[in-house]
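*Asks:* Using my numbering, you'd call the opening residue of the sequence shown number 13 and step up by one each time.
Wrong hints could be hidden among the right ones.
[Unchecked claim] Restricting the straight-line Cα-Cα distance to at most 16 Å, the calculated cross-link-like pairs of lysine to aspartate or glutamate (EDC-like) are:
id, residue 1, residue 2
1, Lys-41, Asp-145
2, Lys-171, Asp-145
3, Lys-28, Asp-135
4, Lys-171, Glu-124
The set of hints was computed from the structure by calculation and includes no laboratory data.
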Amino acid sequence: MIVMIAAVAENNALGKNNELVWHLPNDFKRFKELTTGHHIVMGRKTFESFPKPLPNRTHIVITRQENYHPDGCIVVHSLEDAINTCPKNDTTYIIGGGEIYSQGLAFSNKIEITKVHGLFEADTFFPEINPLDWELIHSEFHPKDEKHLYDYTYQTYIKK
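Model the full assembly from the supplied sequences, consistent with the hints where possible.
*Replies:* Here is the structure:
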C-alpha cells in the first residue's frame, strides 16, 4: 500500500523556506507511530530539512542530482523508481514535498492528513484532494491546547 502523509493547512500550505509553519507535537507523534519500520519516500529538499535521518525507517530520496549520496539512504531519480524500490507487500509512505505529493496522487491508495485549522503563508502546497477520486473514511478533531497553538483534525482518505 502506498500512503501519502502530511500536515496541511486549510489553504493546502505545507511549509515555507523548507520548514513547517506550525508546531504540533501530537502530529509528530502520529507521524512517528505510522511511519516507523516502513520505507519513507521524499524529495531531496524534504530530506535535507531533517537534522538527521529519521530512526527506524528506510529513507528513499528522490533527486535530479547525479552525485547525491547521503549516508544511509537509497537515492533514486523518479517517484516511480522510488516505489519500485519498496517492498510490494508492505506499506510505503510518501512524506513530501509538494512536487512529490502532486506526483504521488497517481500512485497512492490512501492519504493520512493532519488538517491544521488556519491559513498560512507558504511556498509549498499539498495538491487538492478531489472528492471524485478520494473518500474521507475517518475524521478526528483535536482542539488547540497549551502545546498546540491551532485546532487540527486527523483525516484518512482512501482512493475510490
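*Asks:* Is it true that the CA of Lys-41 sits at most 16 Å from the CA of Asp-145?
*Replies:* Distance of about 28 Å is beyond 16 Å: violated.
*Asks:* Checking one constraint from the list: CA of Lys-28 to CA of Asp-135, max 16 Å. Satisfied?
*Replies:* 5 Å, holds
*Asks:* Taking 16 Å as the top limit, are the C-alpha atoms of Lys-171 and Asp-145 close enough?
*Replies:* 6 Å, holds
*Asks:* What's the verdict on Lys-171 and Glu-124, does the C-alpha distance respect the 16 Å limit or exceed it?
*Replies:* Satisfied, since the Cα-Cα distance of roughly 12 Å is no more than 16 Å.
Violated hints amount to a single one, hint 1; each of the other numbered hints is respected by the structure.
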